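A.B. asks: Letter by letter, the chains look like this.
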Amino acid sequence: MSATIIGTSPNRVGGIGRVTGSQQYVADLRLADVLEARLVTLDCARARIISIDASAALALPGVRLVMTAADLPQPVPRFGPQLEDRPVIAVGETKYHGDPVAIVAAETKDAADAAAALVRVEYEELPAVFTLAAALDPAAPLVQDPALRPGDRLASTNVLREHPIGWGDVDAAVADVVVEHTYTFPMVTHFAIEPHAYIAAPDGDGIAVWSTIQHPNWLQKVIAKVLGMPLAKVRVFAPDPGGGFGGKQHAKYEPLVALAAIRAGRPVRLVLSLEETFQAVRRASCEVRVRTGVNRDGALVFEDIAADYLIGAYADIADRVVGKGSYPAAGPYTVPNVRILARSVLSHTVPSTAFRGFGNPQVNWAVESNLDEAALAIGMDRLEIRLRNIAHRGDAFIPFDTPADGEWSQTVTRAAELIGWGSPLPPGRGRGIALGIKSGPTTGLSYSTVRLLGDGSVIVFAGTSDMGQGARTVFAQIAAQELGAPLDWVTVVMGDTAIVPYDQQTSASRSTVLMGNSVLMACRSIQAQLRTMAARLHAVDEALVGVDRGVVHLPDRDLSVIDVLKPGLGRLGGELTGNGEVRKDADPSHPLSGAPAFFEFNCTAIEAEVDRETGDVTIVRHVTVSDVGRALNPLQVRTQDEGAAIQGLGHTLMEHYIFDEVGRIRNLGAIDYRIPTSMDLPLDLVSETIENADGPGPYGSKGMSEGALLCVAAAVGAAVREAIRVPIRDLPLTPERVWRALQERETA
Amino acid sequence: MAETHRIEVTVNGLPRMLEVPPHHTLLDVLRDDLRLTGAKECCLVGECGACTVIVDGRTVDSCLVLAVEADGCEITTVEGLAQDGSLDPLQRAFLDEGAAQCGFCIPGQLMAAHALLAGNPHPTVAEIQEGLAGNLCRCGSYLQITDAVLATAAEGTRR
Ligand code: FES
Ligand code: FES
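Residue numbers (the working numbering), protein chains in the order written: chain A, 40 to 787; chain B, 1359 to 1517.
Here chain B stands alone, though its shape is the one from the complex (with noise of 0.2 Å):
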């Protein structure tokens, strides 16, 4: 359990150098190493979408990917949406539209759809739906979420 491979990663702008052992997933390295919780930790299996991260532009389940994979990646978590302080429109969409229940899996679907309203700025009900659907919400707050998605996007059309 000794060896260890060096990484360097930047995650949510700043640049990090990590000593990781080759069986770590970038979950375990963003929670454990980075102190970063917001990425949760569920089925570890890549089917609830609770770990759902930003790499490269693209969404993964962090839960899936090695750490050693990462390396040289840019990765954005749900620490990183809000700068200076201040809400993305998709975290305050999420909040006025009452998307957060007990909000585990809020963090997961707030990286899923700002990754698909960076694909796609103007997505149709089922698109979203569709583009959600790796990311569970026991609390059923699926149709809050889509319409935080629905907002968001109208929002960005107007400014």
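So that you can see chain A by itself, here it is in the shape it has in the complex (with noise of 0.2 Å):
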């Protein structure tokens, strides 16, 4: 019996490559016969493109191409994940700081850049709107044309979607103490170390593009639809992505760079710099009011909650953001009376998009901060009014939904007594608790194909993407479980859509519970077939022989896999081959399409120290315990929490767009906007995980890469409020904004 490899933290595989520079992310491919692209944008948001002049630009040498949308088959096809709103590049009007107007081409990146500042554009800027109250004013001008959205009666107005849920009857509801305040939650962007890059290259009647993108399936899908090419004929390459956190979901550039490509019969290739990732995505600003309803004796009797989310210019994914962020923002409680009014707010910003917790942080924010407030009214401990309402094991917390899925107050007892909750604080410290939950993926579609070669190596074909949470590393430990196989036999190979099967996509924390259930059951089908081996082999009943992490049970021995594979096989050799689909149908009477495959449960506590002459917040301690069922790679599990953690902090006390007056990102790049240095971490970070088997994925798991960063904000709010005895509803926590609130309270 071989050694159990899962609940072990081998080392990562892909590795190598990162610690040595070999790891070819995109931007690191060099293709023969390559264009080097630039985008031309203008220097506001909202303009009316009146005409392009390209002919000093091409006249430079070495440049190829400038494409804008006169260029383009008329009308312009547009694309996006839920409506089909986005032009491939800005049609007569630009809508944000940041829209391209025309993409140039050239043998170098000199002449590109070049070439670029020579496209003149004549425009006129247009009035527009880039913040919730402009949005929301009636005479504000439209950021979507009206004819995009047919019978929508919102069409007339910015709100792009409303998204009401709820249960119970919170206006007949009747509370001993009411507690309603507003929240605003700022707009950052993923910073992702890697900026975006795509490279698109003719390929024979087709063509092959790579991206950074996370789902390459449905990268594949846009480009064929925009170039009207079967699937089979549009390759999407997929390197592992150097850090995605959701920015690297969807279609951005590519079905422009795709077209350039075609047009000039050559390759092209377009990195962005940071500041164009900053104008490329973010994640959605939110207001949000809560009114919170409790009794007495601490028992929740309502949550109402209004939210309107501040998306961009281009729905992408942000209006599912917004519904199924807000869907759970009612907590991991259980409220009689709930009433969730969320709306997606465009306007002419950055198109924001899907961001690690998906919609979910802007919520927990504020609804976690006015539980605080309630339990400060009835004179209730923080942490006694969260166990007094949580749902427990079974739970249906939300009505007609997923039943709890854990026994979360496991989760919270434990963070509570990792921060020594109700021990003496020094003066200037406190402390905070907050809980978050997340609903998991809701569809879900994903196909694996595992090869047992004939010497018992094998190779993994999976079209997840590993962007650092490590889906590699955990599927190689599934393989190697199952097939005997020692890890570093074992070959993860993503993607490439010609020769990896059909995932639907990289999001939602689903891989190691979608594709991991996927590549088992290829695992398990390939076991099936070397027990069939077996007993032709030894003449024994099929149903008498067992397979069992790679090991081989006749009635009177053991075998390993390889002992049945090589004779089984026989002199030709082959392979064996298994197949893995993991299907999670829609389901249309679900407010959400479907129930949640799991929910992610994290509770995060702090202690926090406030220098009273700067303002300055000091993590002293952060705790972050989250409910993962089982831990697979336990390392790769810490790292994430940590990271998810240290990322939360980042819109917690410091990262925010600032915009000047015509919309323009004031802070574009890494001078002016910080986000959380090796200088900037908790003088103690202690993450732990619960363990109880009981989730879906292999082996018990759970999904987990979000949860820790659900409620960091709520949780250092909280601390902070305690230290200096006075709330701040708005985030970031920056030295400035508690140094005021800390003068408004010595002045009040």
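By construction, these hints were calculated from the structure, which means they are not laboratory data.
Warning: the hint list may mix true and false statements.
Unchecked claim - To list a few chain B residues with every Cβ distance to chain A over 12 Å, as calculated:
id, residue
1, 1368
2, 1414
3, 1423
4, 1427
5, 1429
6, 1431
7, 1432
8, 1443
9, 1478
10, 1503
As the list claims (entries may be wrong) - To give an idea of the interface, some chain A residues facing chain B are shown, with a C-beta separation under 8 Å as derived from the structure:
id, residue
11, 231
12, 234
13, 609
14, 708
15, 717
Unchecked claim - Sample of chain B residues lacking proximity to chain A, with all beta carbon distances greater than 12 Å (derived):
id, residue
16, 1405
17, 1480
18, 1512
In this text the structure is predicted, and so the values were computed from the model without any measurement.
Even for Gly, the Cβ is constructed at its ideal location relative to N, Cα and C.
Since each chain comes alone in its own frame, lean on the hints to assemble the complex.
C.D. replies: Printed below as a string of structure tokens:
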């Protein structure tokens, strides 16, 4: 019996490439004859394009192409994961600062830079909206052409969609105390260290596209539709992204680069600058009004939540983010009356998209903070009010949905213990505790193929993107465990739609569960073939043969896989192949079109110290505990949790876009937009997991890569509030903001 | 754009002679001319550290150095760390501690850590965090990176 590799932390599969520099990210690939592309953008957000003159640019040596909307098939193709509202390039009007009006391609980067600067665009700036208040003003200019939403009563407003959800009767509910406040969450960006990059190349009668994309199969469909090609003629290569965090889920400039490549008849490459990534992806900012009704005994009576998310100029996946993110806004509590109304509000800003937590951190910040206010109002401990109302395993806390799939109080109790909840605090310090819950994937489709080669080594084909979460390693561990191969005898092939079977997407922390189960199924199919082989070879009844962890059990002895495989395959050799398919179909009757496959549950507890002179917040201790079902690779789980926690500290303490009056991002780029560095870490960061093997994934695992980010802001906010004894309801908690709050308290 | 300068540099122990335009950075030349793509492009303004290489024993953001300024210098990139196909102790430690998640920042982190250890073989946690403060990791592997540097320093003592 070979030892289990599940639950251990072998070196990352693909790790060698990452520490030697040999890992090839998209921008590292070199195609012969490639043209370098640059985008042409305007110095404002919304403008009417009057004319574009490319003659000077085209006259430069080495410039091969300047392409604008006028050069494209008419009407200009549009795409988008929710609504096909985004043209491949601006048509008639730009809608946000950074919306490209032309693309140039040249023999060298220098020529492309020079050409981009020489494209003359005559334009007229138009009135635009950059804030919720401006966008919701009845007199506001419309961001989207109403013709794109025929028959939609909201089409004449900037509200893209409303997402009402609830149960019980909030209006009729009577609570001892009602606490109402409004909270805001800033516009922040993913800031993956790898900027997005794209290459497209004519490929016989088809096209090949390389992208930093998280969803290669989705991109394949977009390109096929835009170009009018069958899927089989579109080959998408998706090398491991250098960080995604949701910002690389959906197509951005790939259709444009593909059209440029076809027009040029040569490969075209576009590598975005970091500044351009700020103008390509961001998280929706949000304003949330919360009314919490609570009885004196701590029982929650109602939650009444209205959340307006400021999305960008095109829908992208933003409206789904709003609907799905706000859906569990009342939290992991049993609340008899809940009313949630979330709205996605269009604006002339960068299209917002998926970002770790998928719309949930915004409402979590508000609702968890307001729960603290409710506790304060009735004089109850903040931990106690949470444990008083928390849903227990099996409780239908969202009445029409998947019941609580863990004993979450365990997680909370552990986090409280680790932070020393209730123990005395030095002056200037405070503690906070918050709970986060996120719905996992509501639909999914993951195919995989596993090949057990003649020598016992294994190739796994799985269409997940490994953007750092370590999916490659986890799939290799599953295959090694099931087929008895050493881990370094397993190869995982990803990121090529021509050879890897279809996977819907890499998002919602799904891959360990959905693709993991698919790989497990493929391995089990191979095990079944091994059983048949062993029965034939040893003339025993197949029912008496077992295969487990790479060992074939016969009634009288155990054999290794290879001892069965080699004679079983015979002189010609060959291999055994297994396929996996995990399908989670949509359920049209469900508000999210499907109940989540699992919940991500996290409890974060913080001890913070505030410098009264500067307003500086030091995180003295940051405890993050996640219910992960089972950690298949504990080190990877830990690094995902810690990474999510640190990313959460970004929007909590320092990150936010600042706009000027014409909608330009003023802090565009790394100098003025700060993300956490090694100097911004908690003095002590403790991450733990709760493991009851009660998840739907392989060996009882659940998805987990987002949980530790969800409630960071609320936990930190609560600690700061206790330290300075005054609430701050707007993020980020910059020194300036905290200092001002302190001053106001002093003068009050 | 026609004007170029001839420079001579030693890259990972190999002498290289190059013709470079005056405005091309060391990062451009490493990536585009020498096809050493280990040093990464991110911010291009000296804030993220993804492009960190070692020039004459000191770390630099190669996006901020003009190639002509590196004339006559000795340059080490991440590709120069492993010797004869075996990882150097720092690379091994990064692997063992799980420091590389997406990996994009890692070449820069490794070079910065290398220079740090060369100047201070037994750094404290605070010294490591300060020394690597210019190297952003959005995956948030900071604790594992620090652990890897500590482990390498400790191993250096044992040997
Ligand atoms: S790319 Fe050089 S410091 Fe960021
Ligand atoms: S490992 Fe991904 S940015 Fe550092």
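A.B. asks: Hints first: check each against the structure and report whether it holds.
C.D. replies: Now the hints, each set against the structure:
Non-interface status of residue 1368 (chain B) relative to chain A is upheld: no Cβ of that chain comes within 12 Å, the nearest being about 18 Å off. Listed as outside the interface, residue 1414 (chain B) is consistent with that label: its C-beta sits roughly 20 Å from the nearest C-beta of chain A, beyond the 12 Å cut-off. Chain A leaves residue 1423 (chain B) outside its interface by the beta-carbon criterion, the shortest separation being 17 Å against a cut-off of 12 Å. Every CB of chain A lies more than 12 Å from the CB of residue 1427 (chain B), the least distance being 19 Å, so the non-interface label holds.
Against the 12 Å criterion, residue 1429 (chain B) stays outside the reach of chain A, whose nearest CB is about 20 Å from its own CB. Listed as outside the interface, residue 1431 (chain B) is consistent with that label: its C-beta sits roughly 19 Å from the nearest C-beta of chain A, beyond the 12 Å cut-off. Remark: the non-interface label on residue 1432 (chain B) is consistent with the geometry, its nearest Cβ contact in chain A lying 18 Å away (cut-off 12 Å). Separation of residue 1443 (chain B) from chain A is inadequate, the least Cβ-Cβ distance of about 10 Å not exceeding the 12 Å criterion.
With a minimum CB-CB distance of about 15 Å to chain A, residue 1478 (chain B) clears the 12 Å threshold, and the non-interface call stands. With a minimum CB-CB distance of about 8 Å to chain A, residue 1503 (chain B) fails to clear the 12 Å threshold, and the non-interface call is violated. Below 8 Å, beta-carbon pairs count as interface contacts, and residue 231 (chain A) has one with chain B at about 6 Å; its hint therefore holds. Contact between residue 234 (chain A) and chain B, as hinted, is supported at the beta carbon level, the nearest pair being about 6 Å apart and thus within 8 Å.
With its C-beta approaching chain B no nearer than about 37 Å, residue 609 (chain A) sits outside the 8 Å limit, and its interface hint is violated. Nearest Cβ of chain B to the Cβ of residue 708 (chain A): about 6 Å, under the 8 Å cut. The hint holds. The criterion of a C-beta within 8 Å of any C-beta in chain B is met by residue 717 (chain A), whose closest approach is roughly 4 Å, and the hint holds. Distance to chain A contradicts residue 1405 (chain B) as a non-interface residue, since its nearest Cβ pair spans about 4 Å, not more than 12 Å.
At roughly 18 Å from the closest C-beta of chain A, the C-beta of residue 1480 (chain B) stays outside 12 Å, upholding its exclusion from the interface. Residue-level check passed: residue 1512 (chain B) sits 19 Å from the nearest beta carbon of chain A, beyond 12 Å.
Hint compliance for this structure: hints 8, 10, 13 and 16 are not met, and every other hint is.
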